[in-house]
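Student: Here are the chains, one letter per residue:
Number of protein chains: 2
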Amino acid sequence: MEETPKGSRLHIAIFGRRNAGKSSLINALTSQDIALVSDVPGTTTDPVYKAMEILPIGPVMIIDTAGIDDVGDLGALRVERTMQVLNKTDLAVMVIEPEQGVTEFEKELVKAIRKRNLPIAGVINKSDLLSISPEQLAQWSVEIDVPLIGISAKTGQGIEELKRLMIKLAPDDWEGPPLIGDLVSPGDTVVLVVPIDLAAPKGRLILPQVQTIRDLLDNDACAVVVKERELKEALAGLKQPPHLVVTDSQEFMKVGADTPPGVMLTSFSILLARHKGDLETLVTGAKAIDSLEPGDKVLIAEGCTHHRQADDIGKMKIPRWLRQNVGGELEFEWVSGGTFPPDLTKYKLIVHCGGCMLNRREMLYRLATAREAGVPIVNYGLLIAHLHGILHRALAPFPLAQMILTE
Amino acid sequence: MEETPKGSRLHIAIFGRRNAGKSSLINALTSQDIALVSDVPGTTTDPVYKAMEILPIGPVMIIDTAGIDDVGDLGALRVERTMQVLNKTDLAVMVIEPEQGVTEFEKELVKAIRKRNLPIAGVINKSDLLSISPEQLAQWSVEIDVPLIGISAKTGQGIEELKRLMIKLAPDDWEGPPLIGDLVSPGDTVVLVVPIDLAAPKGRLILPQVQTIRDLLDNDACAVVVKERELKEALAGLKQPPHLVVTDSQEFMKVGADTPPGVMLTSFSILLARHKGDLETLVTGAKAIDSLEPGDKVLIAEGCTHHRQADDIGKMKIPRWLRQNVGGELEFEWVSGGTFPPDLTKYKLIVHCGGCMLNRREMLYRLATAREAGVPIVNYGLLIAHLHGILHRALAPFPLAQMILTE
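Residue numbers (the UniProt record's numbering), protein chains in the order written: chain B, 1 to 407; chain C, 1 to 407.
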């Protein structure tokens, strides 16, 4: 069910000399999280493709370039192999061994990667064994014109910073998992519950709703679009129960009651959280709501400065719900547009809007920034679902995220 | 079924002194066309509201201001009545009797109308009895600052020019009939057939499709959205046949075959033609296709300059279909964006695009220009439906237009 089309996985090639620590880095990027690893078999000297989840980057294809990691210049065969890998690469990560530092191998590699106009993130590994001075790091960085970070794949130091750099360098057209297309089979019927309230744009639908319909059509499924008040009637009019019901988060309670228990139910927010954010990171954030205590600081962040309605969701509703949940006062701060405040560590929780005005990379960058500061982050839709006690049901199409919630 | 919500009817108040010919003008505006007249009863001295169709303006509410047409200044009672009428007016038409010309009555009236920021079209009537010189017309026009046209309600001279002026002066927010909302009752299911081809925008739906879904939701109906290939399956999955099937014009043949004979079928083009154009005028244009003869000149007009696909519909497909239909060569000319060529009379037919980039007023202005030149005009969708022999079926939701086609 969570099969991600190859096209929407960010393809990350890990380059480096044999002793630089490529494998440890791959483990560090994935091992502290739940990693779904499926190796594509190959000979020991062929590059290995591994489908993985990296939080908060989402589904990726890691290309382990064993076999083109000889120290020294790149021979004819190895150049050809490197080129084959680069043909499939969206982003290159170059792992550098600190004792030898930048050698001819790295310089040749950077040339080959730059020739394809591909982004490169560089790491000096093994900071636990040999600490590199900031001056040395800067000098190497200038020498090969590649951003460099000191990390330790062994201790995990710098890994979150690297993820943030990778997100920043990812290509513009990087799309991530589909909205809904991978959740349906041809001929499936999906019911979309679209309330028409004051926030709905005049004569239109909001973009995620349109994109969901389109994604269903692209995948040979049928979309039944209905307001919450007509949902029961629409379900009764179908000979078979639908494969899935997707609702606007704000109608979750009513829609949950009107949808038969056997039918999978989720929300546009959750689809969007996966499509342009990282569902697992946000579910971890939702769990953190239960650990809030009176007096804690909460940051409410919105991606754009929209016209506020009376009883605005970010300004009024969410603070009210959180106070009720914690049974006491909380200290709220708000930020909108632009970026996060410089010091996130003082917050116990970040609540982010759905990010409809942010692209995937911007959203992931924010998630990565929160992770790096060690602050859980949740979005509006998941928060609402969690506080209404329906998040578990709404995650049914996403077993991995559901597992994180219950563990 | 063709009940037009009051809000979408253009409310046109006809003012003028008692002998100016208000009633004849109302007859002239509507009588050469099929007029659906339903008088709202009132005393003889009260304004009368008449729901009518004026081609190509569409459904209008004519306000006949009998009772406030005394010659002389506007007395207290009459001012109040005038104000009551103006509260409901979108556009004022002032009928002037040529012998007396512009009097205090007209000047007071213009003042009252201008105070409400309402547009005024002025006509000097009875040009068949007393011809007014262009100089005199211009002088009066300047005197009261109102555009004036010389007409004869009796002979019909100038009536089409007046319609064009009325369209030009109509308010910006004039919307016309809904896309689909008046064709459904609460709880109805409507199947929308949305093919996904190269012309579909990436990850989205085209605007008329989104607007149709929204209009259905606004009217408590349920939209089943499906590609043409899944239509049969979707219909089979419904316990009751849908109230209506709406398809993209280009899939009319396949969709017509897959839709049970008892189910009403129409196209987005036809919905759009009514919503932002005038369905009856365009159906008259469709009929004219059958009168084309080899050697005739045909103008193909597009509202915008879009990126042309291979086998472009306006450049390639429609000329090919028309040639096949007429059984010989035709002389085509093309125009896009901007306006029509100055001399339309040389064309036997104008074929216009759906006008998705034009608003209702712009589209109607083009229809009125064609009518004034006496040239039939049809749009892409209606032409396709007619040439495929399915226009009659596709007009089932619109009995008036269907009548025009068969008469």
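I should point out that these hints are in silico values taken from the structure, not numbers from a laboratory. Check before you lean on any hint, since a few could be wrong.
Identical copies go unnamed one by one, so any copy, or any two together, can satisfy a pair.
Simulated crosslink set (DSBU-like; lysine-lysine; CA at most 35 Å straight-line) [said to hold, decoys possible]: (1) Lys232 to Lys287; (2) Lys239 to Lys287; (3) Lys202 to Lys88; (4) Lys232 to Lys111; (5) Lys115 to Lys317; (6) Lys239 to Lys346.
Student: Hints first: check each against the structure and report whether it holds.
Tutor: Here is how each hint holds up against the structure:
no.	hint	in the structure
1	Lys232 to Lys287	within (31 Å within a copy, 44 Å between copies)
2	Lys239 to Lys287	neither (38 Å within a copy, 42 Å between copies)
3	Lys202 to Lys88	between (43 Å within a copy, 23 Å between copies)
4	Lys232 to Lys111	neither (61 Å within a copy, 56 Å between copies)
5	Lys115 to Lys317	neither (52 Å within a copy, 44 Å between copies)
6	Lys239 to Lys346	neither (54 Å within a copy, 57 Å between copies)
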